[in-house]
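S.K.: Residue numbers (the numbering used here), protein chains in the order written: chain A, 59 to 482; chain B, 59 to 482; chain C, 59 to 482; chain D, 59 to 482.
None of these hints come from the bench; they were simulated from the model. Treat the hints with care, since some could be wrong.
Cβ-Cβ distance ranges computed for the label pairs, FRET-style [claimed, not checked]: (1) Asp298(C) to Ala321(D): 40 to 50 Å; (2) Gly325(C) to Gly96(D): 46 to 56 Å; (3) Ala145(C) to Ser86(D): 28 to 38 Å; (4) Asp132(A) to Pro137(B): 40 to 50 Å; (5) Thr115(B) to Arg116(D): 52 to 62 Å.
Glycine is no exception: its CB is placed at the ideal position from the N, C-alpha and C atoms.
There are 4 protein chains.
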Amino acid sequence: MSFFGDLLSTVFERRYRSALEPDLEQRSLPELCADLLGRSGEVSGAATARHILDRYTRMNEGERLEFFALLAEDMGLVPDAVREALAAFEADPSSQTYRAFAAAAEPKRQELARRLNQVPGATAQLVQMRRDLLETLPAHPELGPVDQDLQHLLSSWFNRGFLVLLPINWESPAEVLEKIIAYEAVHTIDSWDDLRRRVQPTDRRCFAYFHPAMPHEPLIFVEVALTRGIPGSVQDLLSDSREALAAEDADTAVFYSISNCQAGLAGISFGNSLIKQVVADLSRDLPGLEIFVTLSPIPGLMRWVQEAGLTMGDDPEHQRQCAAHYLLQAKRTNSSPRDPVARFHLGNGALVHDLHAGADVSPNGLAQSGGVMVNYLYDRAQIAQNHEGYAGGYQIAASPDVRSLAEMITTGQDQGQRDGEPSL
Amino acid sequence: MSFFGDLLSTVFERRYRSALEPDLEQRSLPELCADLLGRSGEVSGAATARHILDRYTRMNEGERLEFFALLAEDMGLVPDAVREALAAFEADPSSQTYRAFAAAAEPKRQELARRLNQVPGATAQLVQMRRDLLETLPAHPELGPVDQDLQHLLSSWFNRGFLVLLPINWESPAEVLEKIIAYEAVHTIDSWDDLRRRVQPTDRRCFAYFHPAMPHEPLIFVEVALTRGIPGSVQDLLSDSREALAAEDADTAVFYSISNCQAGLAGISFGNSLIKQVVADLSRDLPGLEIFVTLSPIPGLMRWVQEAGLTMGDDPEHQRQCAAHYLLQAKRTNSSPRDPVARFHLGNGALVHDLHAGADVSPNGLAQSGGVMVNYLYDRAQIAQNHEGYAGGYQIAASPDVRSLAEMITTGQDQGQRDGEPSL
Amino acid sequence: MSFFGDLLSTVFERRYRSALEPDLEQRSLPELCADLLGRSGEVSGAATARHILDRYTRMNEGERLEFFALLAEDMGLVPDAVREALAAFEADPSSQTYRAFAAAAEPKRQELARRLNQVPGATAQLVQMRRDLLETLPAHPELGPVDQDLQHLLSSWFNRGFLVLLPINWESPAEVLEKIIAYEAVHTIDSWDDLRRRVQPTDRRCFAYFHPAMPHEPLIFVEVALTRGIPGSVQDLLSDSREALAAEDADTAVFYSISNCQAGLAGISFGNSLIKQVVADLSRDLPGLEIFVTLSPIPGLMRWVQEAGLTMGDDPEHQRQCAAHYLLQAKRTNSSPRDPVARFHLGNGALVHDLHAGADVSPNGLAQSGGVMVNYLYDRAQIAQNHEGYAGGYQIAASPDVRSLAEMITTGQDQGQRDGEPSL
Amino acid sequence: MSFFGDLLSTVFERRYRSALEPDLEQRSLPELCADLLGRSGEVSGAATARHILDRYTRMNEGERLEFFALLAEDMGLVPDAVREALAAFEADPSSQTYRAFAAAAEPKRQELARRLNQVPGATAQLVQMRRDLLETLPAHPELGPVDQDLQHLLSSWFNRGFLVLLPINWESPAEVLEKIIAYEAVHTIDSWDDLRRRVQPTDRRCFAYFHPAMPHEPLIFVEVALTRGIPGSVQDLLSDSREALAAEDADTAVFYSISNCQAGLAGISFGNSLIKQVVADLSRDLPGLEIFVTLSPIPGLMRWVQEAGLTMGDDPEHQRQCAAHYLLQAKRTNSSPRDPVARFHLGNGALVHDLHAGADVSPNGLAQSGGVMVNYLYDRAQIAQNHEGYAGGYQIAASPDVRSLAEMITTGQDQGQRDGEPSL
């Protein structure tokens with residue numbers, strides 16, 4: 059009983075490919091792309107698609123840039139054609155003229171990507187392609203539209219309705235587990251033994267979203283600790299010597315690490331759905347759970363403290379005040395909170411529940427936030443309302459305690475910051 | 059281990075839904091759609107999406123028409139916005155202006171469909187929605203663009219790379235098997251016993267494509283008989299009294315029935331991929347197979363015979379001559395073959411191999427083709443070349459025998475015919 | 059992903075077998091059995107085992123009898139050898155002498171059965187072999203010891219710890235479902251549509267035990283109806299026109315049919331474990347369930363009524379009184395209840411809860427019990443105590459109502475009856 | 059879809075257990091065992107069985123010894139009862155008297171073990187129990203009969219027909235893989251990276267037998283390298299820097315490590331079946347494979363060399379001669395080969411094909427065999443014949459080369475050696 063199953067006959071693919079390869083090998087990439095888009099695309103397309111993707115995999119940076127340029131220039135938008143088709147549609151709005159307009163308004167590279175996607179493993183390779191493209195983008199802003207098209211397509215393919223939530227545990231395939239080790243972005247996993255401590259004990263859970271066409275690759279995952287009461291330090295949570303709790307005895311589920319895995323899917327958000335579904339699944343399986351809360355980093359705290367001319371000092375209370383003020387008051391130019399993790403959880407409808415000094419004394423934790431961590435609380439009775447307030451005007455929900463803490467300090471300004479869903 | 063597995067927490071959905079339903083129930087459909095597209099779409103979207111789809115399911119024909127009109131008018135293309143965005147992009151081609159153009163050029167109804175798709179079962183409901191729309195289309199051609207958009211989206215979602223080929227046999231879930239009975243379009247399946255004769259014997263195979271988001275619904279399936287030599291009659295193939303051959307002893311795989319299952323996916327072609335993959339899988343599992351051939355109906359033969367002023371008569375040889383002439387010479391206005399099944403297999407690279415009189419004496423077989431059937435041969439050495447010839451100019455590959463038969467008769471003209479992938 | 063999976067390479071088996079078959083074909087059965095038990099048993103044993111089982115399958119009744127005689131005579135107990143080994147063990151009780159005694163005390167036919175069991179499908183064939191043997195037994199009581207040995211071995215192999223409980227529903231393989239149709243022993247299933255009404259609606263459940271080595275064969279199954287309140291008639295339960303209840307809304311689970319499937323496993327009891335585990339699983343999945351009860355036939359009622367010189371008449375109350383008296387007072391010579399279904403449920407710790415006249419008006423229901431049915435109640439608070447009382451002295455637990463009913467009638471005697479776990 | 063699936067309701071077990079535990083906790087082990095064997099065994103048995111097993115798990119060595127003594131003395135053979143029952147059977151050989159004899163001849167501890175086995179996980183615990191017992195045995199030979207009974211029972215339960223062969227690869231559950239690391243007995247696996255090199259490359263395979271009731275525990279596994287030609291050194295085979303071969307390009311399958319995993323199943327042989335089935339499965343999947351061969355240690359070589367008064371020296375040729383002579387000529391008192399690995403493969407029908415000096419230069423390899431390794435060849439055309447010769451009189455099949463090597467040396471005698479299936 060295989061975990062994944064090979065959905066396509068790789069043996070056949072191998073033979074088929076090698077028979078055609080000599081010919082394909084001699085053709086240029088533009089020719090091959092034209093072929094794949096052309097009339098014979100459907101019948102002999104699989105071999106061509108396979109070949110283009112294989113060739114892409116072997117490309118060096120310069121060749122990749124050339125390929126992206128091909129997508130940008132030869133397969134880009136043709137404004138005149140759009141205008142013409144639009145005029146024709148307006149003159150006679152029919153199925154035919156609409157189809158012609160839609161074809162004109164969508165660059166050929168989108169159809170190219172769809173046709174490449176017909177061979178096994180292609181989806182993962184296209185995600186990798188976008189990852190490469192994103193790395194190229196800063197130096198080549200003219201490739202922006204290519205990225206827009208890829209994101210649009212991937213966003214449609216990785217639609218929430220197609221994702222599958224799977225538990226990750228010590229029975230999971232090693233192939234998947236090694237990716238959890240590699241992708242953990244918040245609290246590093248050192249070794250297989252460390253991993254085991256995150257997924258095997260009775261009071262630990264881990265869940266990941268997968269896409270059926272990329273079954274070996276988690277898209278995003280969340281690590282959960284089941285506890286009695288809300289914990290105030292990640293050291294305690296991850297301590298080797300702690301004794302595991304029976305899951306049935308826990309009253310609190312702590313989301314202490316959320317990691318996005320696929321750089322090539324940047325800008326396509328899974329985190330909100332993930333949290334909602336994990337809350338739902340845990341509630342059903344463990345009726346004793348009453349509180350759903352995070353133990354989250356505050357990645358921008360120390361930088362803001364410095365910019366605001368403050369000092370963190372050694373006093374835990376003062377540290378908490380700084381953190382509270384930062385989370386509630388420090389804003390970007392568009393009035394949204396400056397802290398990216400805060401934006402994520404507040405946008406989901408959580409509230410700032412509590413702050414803990416000395417809660418993450420790892421080098422990274424100290425550097426980012428002076429060791430302070432925050433609990434965002436997902437209170438199902440308030441989620442919708444919190445979300446509305448935030449979405450309508452960046453209103454921030456917080457507990458009275460945190461509000462008081464924030465008012466103990468008065469200071470500075472906040473600046474804009476880069477977008478994107480952070481690891482949380 | 060369940061065959062399907064419930065990928066989403068239905069318990070949670072139930073509670074979540076009912077809590078919000080009272081409010082949702084009171085809102086109008088345009089309001090609900092606006093909500094789903096609006097800022098709160100991501101957080102509270104699942105309940106709204108669920109509610110819209112449920113409401114759609116309960117609609118009568120008139121209400122559905124109203125809903126389609128909403129999609130056509132309120133969520134359609136806005137030419138001025140397109141023009142404006144296009145101009146802005148041309149003036150300053152950047153990621154931002156491109157994104158704005160892409161957003162303007164894609165009607166809002168596409169994003170609506172993507173957001174509806176986030177709840178379990180939504181994909182199947184959207185396919186059903188397009189089916190309803192297609193039925194409405196003849197009387198409401200103004201809805202054509204809505205259909206174009208839905209087809210475009212579904213075509214991207216049902217990309218070959220996302221489909222899974224599964225064998226259908228007597229171990230398959232009853233839920234799937236009853237759909238095979240319902241969808242068989244070529245040689246009707248009368249009962250569960252009849253079905254068993256198609257899928258259980260050692261010399262029978264059946265394969266279907268599935269989409270992971272619609273695991274209970276086959277998209278297309280093919281029935282295969284394993285034989286010694288190429289059979290000349292479907293009666294023999296399906297005979298109750300025949301003795302089953304050991305699969306290892308067969309040298310020929312006969313594709314005697316291909317049925318499309320989802321009217322809502324009309325225009326999205328799976329048949330070519332299906333045949334290619336089944337050939338590949340069977341070759342690997344049964345190395346003794348040398349010949350891959352169909353035993354196909356000739357649905358347009360009798361009508362053409364009448365139009366051409368011919369008669370079929372009782373002479374098998376004359377019947378074969380008529381059929382050969384029809385398949386090789388009868389053309390549509392665009393020079394493609396008049397017979398839809400012929401177009402499908404020739405387009406895939408098959409050749410017209412042989413003709414058999416008295417091969418389908420069912421009422422339907424006699425009415426359509428006077429009982430004549432045809433073998434299309436998938437000869438792997440010639441597929442690419444046949445396909446090229448056909449794709450380049452509707453050149454028809456045929457065996458010398460069939461060519462000779464076709465020349466015995468001289469006659470008439472052919473006419474245009476409706477498109478679409480037939481059941482074969 | 060196949061439901062069953064072929065655990066052994068049948069292709070290889072085929073070749074291996076045919077290469078050796080000519081030689082095997084020429085040997086006598088006693089020779090083959092000696093071979094299998096002999097020194098080369100482990101290496102070439104699979105082919106010999108396969109061959110013996112295949113040959114057994116092709117045997118007619120006479121040949122089977124000859125084979126059983128071989129097991130009885132040539133592979134039976136050798137009292138002198140037992141005595142000798144026992145004396146040796148007593149003289150010097152060591153591992154070696156104990157092993158020699160154990161070997162002497164166990165007839166060779168047990169080891170033969172274990173060696174036959176090494177090939178795929180053998181377990182099912184051995185179960186079938188015992189079924190054949192049981193049919194032969196009445197006429198050939200001298201084969202009793204052979205049956206004892208087979209039962210002993212099968213009882214060890216079909217140990218509760220090796221059984222797997224699986225839900226049977228409309229997603230189950232057709233191959234399994236057709237066996238449910240065939241094996242239903244209480245309320246006949248007429249057709250696939252009838253079956254669907256038993257397993258598909260939201261308020262129906264079906265569970266079966268399977269053994270991993272016989273994955274296509276249910277061993278025993280129970281059909282459950284989820285209801286509000288305890289039902290008093292099987293007609294209502296199975297009515298076509300009834301509206302299905304949402305499972306979450308049910309407060310009662312009714313076990314209305316329990317069927318043993320394998321005649322070859324007679325005397326090995328699964329029913330008690332099955333009920334206990336189904337109660338446990340349903341309780342966990344549907345916390346709303348409060349009552350677990352049967353709606354059971356009373357197979358011996360009419361016969362007893364006649365023997366006791368009573369008449370059932372038309373008065374429902376009188377019918378219930380007869381039934382109550384029969385269940386509570388009619389005894390076998392060993393003081394156990396006369397009704398086999400009563401013995402089963404009372405032995406499991408259930409109590410006689412209620413009686414319903416006109417509850418099964420099928421021809422069989424009227425013939426057996428004049429249409430009366432009984433609810434046995436599994437009250438978890440009382441199961442252990444009820445069971446103790448029954449096991450200790452056939453004390454029968456019953457509701458006060460049923461006790462009163464039983465006292466309304468005074469009469470007769472009870473007689474012995476055949477043993478064995480009935481279909482309930 | 060979980061790899062293992064929890065086949066029994068653990069939630070229910072927990073509740074059920076704790077409710078009954080107080081009472082159980084107060085009873086003595088002899089009482090509990092009597093209960094489990096007694097009349098209430100079937101109904102309340104699961105809790106009692108669970109409790110006995112749990113209590114066993116917590117026992118220290120002394121308590122375990124006491125428990126084993128209970129099995130030996132209170133639940134052992136009662137010779138008088140056997141004699142009496144045997145006499146009764148001889149006087150009147152019927153089903154009843156036979157059943158009584160069988161019951162008397164089988165110590166109660168066997169039925170106890172069967173009843174313990176009804177709860178989840180029990181099978182693994184009983185295997186562990188026998189492991190404990192085997193460790194106790196040397197100091198307590200009087201427990202030999204208890205071990206004989208346990209082995210007899212386990213041998214019946216772990217019958218070849220119930221085992222499942224599964225591939226072990228990088229998609230296998232971490233839980234299983236960590237056991238492969240732990241159980242590898244021939245060439246130690248250092249780390250997860252080392253493991254990955256054994257199971258992930260295209261030219262590596264690993265297969266293990268599992269029992270359905272112990273799905274987390276491999277019973278025996280074999281590691282296979284796919285090569286071109288027969289390799290002469292394990293260093294080359296396991297080299298980090300070697301380039302992986304495409305499986306289709308291999309002509310040879312090398313079985314370079316076979317490890318038994320369960321000390322508690324000592325004396326129950328799986329190795330022969332494992333090799334035969336792996337040969338069959340690989341042949342089917344990779345038709346290019348022509349040669350099936352081992353690369354095996356020669357564990358007893360150095361000891362024999364010393365005893366024989368020889369020296370290995372540095373000359374590779376001389377080393378091979380010593381090894382050849384040892385394998386072909388050194389015998390135990392019963393004339394079987396002295397080397398345990400040789401006995402295993404020769405008994406399976408393999409032949410001694412070639413010898414390689416410097417083939418295992420690990421400390422262990424040098425200590426055992428001076429670095430020499432041997433290829434045993436499984437030639438399907440000769441297996442049956444080789445096996446017959448060996449089984450009939452310990453005739454050893456060898457290639458002419460190896461025979462010549464063996465004759466270059468003349469010397470000594472061989473001695474008896476311990477039995478048991480070695481790690482190979």
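S.K.: Between Thr115(B) and Arg116(D), is the Cβ distance one that fits in 52 to 62 Å?
M.R.: For Arg116(D) against Thr115(B), whose Cβ atoms are near 58 Å apart, the range 52 to 62 Å holds.
S.K.: Does the Cβ-Cβ separation between Gly325(C) and Gly96(D) fall within 46 to 56 Å?
M.R.: violated, 19 Å
S.K.: Using the Cβ atoms, figure out if Asp132(A) sits within 40 to 50 Å of Pro137(B).
M.R.: Once the Cβ atoms are compared, 27 Å apart, the range 40 to 50 Å for Pro137(B) and Asp132(A) is violated.
S.K.: Does the Cβ pair Asp298(C), Ala321(D) satisfy 40 to 50 Å?
M.R.: Violated, at about 60 Å.
S.K.: Go ahead and decide if the range 28 to 38 Å is satisfied by the Cβ distance of Ala145(C) to Ser86(D).
M.R.: holds, 35 Å
The structure fails to meet hints 1, 2, 4 from the earlier list, while all remaining hints are met.
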